[in-house]
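Trainee: Please model the entire structure based on the sequences and the hints provided.
Listed in order, the protein sequences are those of chains A and B. Quick note: the first sequence uses our numbering, first residue 1, plus one each step. Quick note: the second sequence uses our numbering, first residue 1, plus one each step.
Heads up, a few of these hints could be off.
If chains are identical, the list can't say which one is meant, so a pair holds when it fits in one copy or spans any two.
[Claimed, not checked] Straight-line distance between alpha carbons at most 20 Å, and here's what the computed SDA-like set of lysine to any residue pairs gives: (1) Lys38 to Thr5; (2) Lys147 to Glu259; (3) Lys147 to Ser84; (4) Lys147 to Trp97; (5) Lys147 to Glu27.
Simulated from the structure, these hints should not be mistaken for laboratory data. These numbers come from a predicted model, not from an experiment.
Protein chains: 2
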Amino acid sequence: MDLDTALASVESQLHTSVASDTSLLSEASRHMFAAGGKRLRPRLLLLAYSAAGGPELGQAVPLATAIEIIHTASLIHDDINDHSELRRGRPTINARWGTTVALLTGDFLFTKAYQLMAPYSSQVNAALAEACVALVEGETLQVETAKAGSLDRETYFRIISKKTASLFAAAARLGALQAGAAADTVAALATYGYNVGLAFQIVDDVLDVIGDPAALGKPVGADLVQGKFGLPALTTPTAMRETVAALAEHLVNNGTIEEALRQAHKFAGRAATALDLLPPSSARSALIALARSAVERDH
Amino acid sequence: MDLDTALASVESQLHTSVASDTSLLSEASRHMFAAGGKRLRPRLLLLAYSAAGGPELGQAVPLATAIEIIHTASLIHDDINDHSELRRGRPTINARWGTTVALLTGDFLFTKAYQLMAPYSSQVNAALAEACVALVEGETLQVETAKAGSLDRETYFRIISKKTASLFAAAARLGALQAGAAADTVAALATYGYNVGLAFQIVDDVLDVIGDPAALGKPVGADLVQGKFGLPALTTPTAMRETVAALAEHLVNNGTIEEALRQAHKFAGRAATALDLLPPSSARSALIALARSAVERDH
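Mentor: Given below as structure tokens:
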């Protein structure tokens, strides 16, 4: 099975795995899946599996599906907390079906991911569970920080490390573990995933400030307005936070955006360097390209 | 390790397992645990382990902790959906910290249960995952039914089967599986758990109508008001649903409460009968007593 076939298989498994006689849960879940998304975590997991010498990509497909399901569940619950109405160019579940259905659909997806993971080893499950815990801790830290209205650089890194980089690291780690890789290969791929996750999230936060709403499929400035400032807003006076446009201009003019992108490139570079340990392969090259594309993107 | 020691160990593990550097999550989780609760699912799991011949109760403690954590997570998310302000005589998490924190604490507990389960076998994890899926499906079905304002007897049983009996069945099944029991013993204990769950939920719904608020630690009639009628309300004209007191009186007078309790006793009896297959033991006797106490209670 090649990568494209495996990704198509993930796509199909996303839809079949949420079958339920409670049809509302299937419908709402598929509404999210049908909106697309980059499928970055499953891709990363599958490539890590191959780069670590995994013999049959099909064996990693349920893991790749599970990690995308968990990511989707967290987006659904985020959209409730943020009162978001648009996601990937489509109405959010809370906007279309209400908060209760959104909450239950997120729960449903988490239980479905758990079910998909049950046949796998304790080691693989422990790695994913740790990332899931970190994800929820990161979200909570973000909510607390936004409410307090204070965000220093250290806290920002703790948040994105937990809420984003942990799941990217787990994706790579799971692929490597499932491939039966040696401990140093597993560690190298986890380091790769972690740094790609940091780079990816910083660019996400930059795009929230200076991105094109049409390319993004959602309004810009949403995080800024809610006080969920990413890296770019660290040096911004409180008074300016009221106007998104003024704030964006300020952040560009004072070099914050440039500094943030410099950081993102640094992490993407570290991700690529971590792969030096691995033997050359088309999967390794694809991972290096993926790290680059995480920072060089407009959506 | 005897049962009381094992239950004390579960209690302690509930608190330690939610340790987090995001202290709000620990605090909110422990707020729920400290309120007590019957710990019926862990007790049932531990007794099933012993009744199935399990040699060392300590081996089942993390499973018992995990199942109580999942139950608690579902209560926290229920309280959001029902806008409940009181649970076990204490403010709910949503009442005390707001909806967002309650949502994230429920998610956190679910990920912590997943983490506790990771070291266990695929078979045990698959059984618990199936029950978790059913739990969310049952909650969703209940929400849909309440919204539609229609509830027939068949749908009522589907709801309580999924939202309550599945997790009770899983508790017993997990105990038996962990004990290394033969398939027929596992099945007998699962049947026991399933029927205790049905009996328990029917009595819960009855107590919501005719219970004593002081003994329950929460207002009565809450489910009635929200259209989440249990069995007792099946034969009630819509017009009467507006007044809790009038409705309760009507349900008593027309024999619905009596019929519901008759049903509950029937399921408790089936639960006890399922244990005929097992050799006599103090654990088996305790399970039979537990089935009885699930129906003969005032809170």
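Trainee: If a hint holds in the structure, say so; if it doesn't, say that too.
Mentor: The hints, checked one at a time:
1. Proximity of Lys38 to Thr5 under the C-alpha cut-off of 20 Å is restricted to the intra-copy arrangement: shortest distance 16 Å within a copy versus 50 Å between copies.
2. Taking identical chains as interchangeable, the C-alpha atoms of Lys147 and Glu259 are never at most 20 Å apart, the minima being 25 Å within one chain and 51 Å between chains.
3. For a Cα distance limit of 20 Å, the shortest separation of Lys147 from Ser84 inside one copy, 17 Å, qualifies, whereas the shortest one across copies, 23 Å, does not.
4. For the identical chains of this complex, Lys147 and Trp97 are inter-copy neighbours only, at 12 Å across copies versus 27 Å inside a copy, given an alpha-carbon limit of 20 Å.
5. In this assembly of identical chains, the alpha carbons of Lys147 and Glu27 lie at most 20 Å apart only when taken from different copies (18 Å versus 33 Å within one copy).
Violation of the numbered hints given earlier is confined to hint 2; every other hint is satisfied by the structure.
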